[in-house]
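Protein chains: 2
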Amino acid sequence: MAITFYYGSGSPFSWKVWLALEHKQLPYELKVLSLQQGEQKKPEYLSINPRGKVPALIDDGCAIWDSAAIVEYLEERYPERPLLPRDLHQRAIARRVVAESNQYLYSAVRRLLEQTLLRTDGGGDGAEIALALKGLQRELSYYENALHGDYFAGPLSLADFTLYPMLALIKRLHDKQPQHGAGMLLGPRFAAFMQRIEQLPYFAQTFPPHWKA
Amino acid sequence: MAITFYYGSGSPFSWKVWLALEHKQLPYELKVLSLQQGEQKKPEYLSINPRGKVPALIDDGCAIWDSAAIVEYLEERYPERPLLPRDLHQRAIARRVVAESNQYLYSAVRRLLEQTLLRTDGGGDGAEIALALKGLQRELSYYENALHGDYFAGPLSLADFTLYPMLALIKRLHDKQPQHGAGMLLGPRFAAFMQRIEQLPYFAQTFPPHWKA
Numbered sequence: 001m002a003i004t005f006y007y008g009s010g011s012p013f014s015w016k017v018w019l020a021l022e023h024k025q026l027p028y029e030l031k032v033l034s035l036q037q038g039e040q041k042k043p044e045y046l047s048i049n050p051r052g053k054v055p056a057l058i059d060d061g062c063a064i065w066d067s068a069a070i071v072e073y074l075e076e077r078y079p080e081r082p083l084l085p086r087d088l089h090q091r092a093i094a095r096r097v098v099a100e101s102n103q104y105l106y107s108a109v110r111r112l113l114e115q116t117l118l119r120t121d122g123g124g125d126g127a128e129i130a131l132a133l134k135g136l137q138r139e140l141s142y143y144e145n146a147l148h149g150d151y152f153a154g155p156l157s158l159a160d161f162t163l164y165p166m167l168a169l170i171k172r173l174h175d176k177q178p179q180h181g182a183g184m185l186l187g188p189r190f191a192a193f194m195q196r197i198e199q200l201p202y203f204a205q206t207f208p209p210h211w212k213a
Numbered sequence: 001m002a003i004t005f006y007y008g009s010g011s012p013f014s015w016k017v018w019l020a021l022e023h024k025q026l027p028y029e030l031k032v033l034s035l036q037q038g039e040q041k042k043p044e045y046l047s048i049n050p051r052g053k054v055p056a057l058i059d060d061g062c063a064i065w066d067s068a069a070i071v072e073y074l075e076e077r078y079p080e081r082p083l084l085p086r087d088l089h090q091r092a093i094a095r096r097v098v099a100e101s102n103q104y105l106y107s108a109v110r111r112l113l114e115q116t117l118l119r120t121d122g123g124g125d126g127a128e129i130a131l132a133l134k135g136l137q138r139e140l141s142y143y144e145n146a147l148h149g150d151y152f153a154g155p156l157s158l159a160d161f162t163l164y165p166m167l168a169l170i171k172r173l174h175d176k177q178p179q180h181g182a183g184m185l186l187g188p189r190f191a192a193f194m195q196r197i198e199q200l201p202y203f204a205q206t207f208p209p210h211w212k213a
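Going down the list, the protein sequences come from chains A and B.
Here the numbering used here is used: the first residue of the first sequence is 1, the next is one more, and so on.
Here the numbering used here is used: the first residue of the second sequence is 1, the next is one more, and so on.
Misleading hints may appear alongside valid ones.
Chain B side only, calculated, beta carbon under 7 angstroms to chain A, not exhaustive [claimed, not checked]: (1) G61; (2) I64; (3) E72; (4) E76; (5) H89; (6) A99.
Using 25 angstroms as the maximum straight-line C-alpha spacing, the simulated DSS-like pairs for lysine-lysine come out as follows [to be verified]: (7) B:K212 <-> B:K31; (8) A:K134 <-> B:K42; (9) A:K31 <-> A:K212; (10) B:K134 <-> A:K42; (11) A:K41 <-> B:K42; (12) B:K41 <-> A:K134.
Since the hints were made in silico from the structure, they are not lab data.
Don't be surprised by glycine CBs; every beta carbon is placed ideally from N, CA and C.
Just chain A, same shape as in the assembly (with noise of 0.2 angstroms):
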């Protein structure tokens, strides 16, 4: 019985698991639920996931969610094409870079994007819209500081996979509403690493598709 996957276009959470289900080269059916019109709210969903939140994953009958959680069931159900270093150390590295991004950067984030792109009334206060841009900024330049190498945990990893749609959230915003400057947060270092991961086999099949209009 192949994967069930419960995505919603702009979630980086959502994006996350596209990426990681593409990377293990797994068959999956992708069901894209309305966000704008509040299918992750709506009881047939809410049976899946009371969460009411995506991503969820339906997989040998049993649902699940919370990206997390989910990220870390593929990786022990599907082992090949690891989603985590063979080393205990970078392991763990990973794992906290997951739950550090999940907890502080993407808080960060979405304090930006509530002051400017999710605002139907044309833009938030500019006071406000400047101390997201510090708050992110110096969330930004904790994992800049902390990439080393290619990826943030030595080899390609679920860590990458959390990191780079909360960045990818960053640039169109840039793209969208340049006069905040938000794209400067990204550093050479980060610029770098988005491309790396822009380059994989299957990673512009996993661009939202709302994004592509």
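Using the hints provided, position chain B relative to the given structure of chain A.
What follows is chain B alone, placed relative to chain A:
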């Protein structure tokens, strides 16, 4: 070389790791940091964990932090007396409970504590406290509905060691400031679950030292 364990009294994330170390019967050297005195932000500790947060571990000469990464590391490095179920789907549930409680439950608990126990000015705004209680109640019922057996993911696991300290914070708030009724949010299933954890042979020695006073 024994494990060095950097601990902060009252930190639910530190408590989780302490329970995990005791569960696995591992030898460790306990280093208690005073959070009140901000010892986790001092250069000596920042050279171990640049995030300036507890807990952290040093094992085999490597510093590991973020409590979720630490418990996964302990599980792989010292597989005896497991912290994760054997079944793949139960493992996914355990990891999901960890991720969700770190993200949502802890935020809800923290929000309430910031309006109550953590205030030095006597007490927060009544409406804010009511909102925080309501948010916490919603979060708690999600977990209580998911508790079908003795523990959250089948056998005793890192899910339980993650949740228990957060529930204990609610209990402590109730003991100190019963007027908010926070203890009422812990229904009979939670009460029975907490008792199970409190009866573990190693529980008492992990009780936060400054709570004993």
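(message) Run through the hints listed earlier and report the numbers of any the structure violates, in increasing order.
(response) 1 and 11
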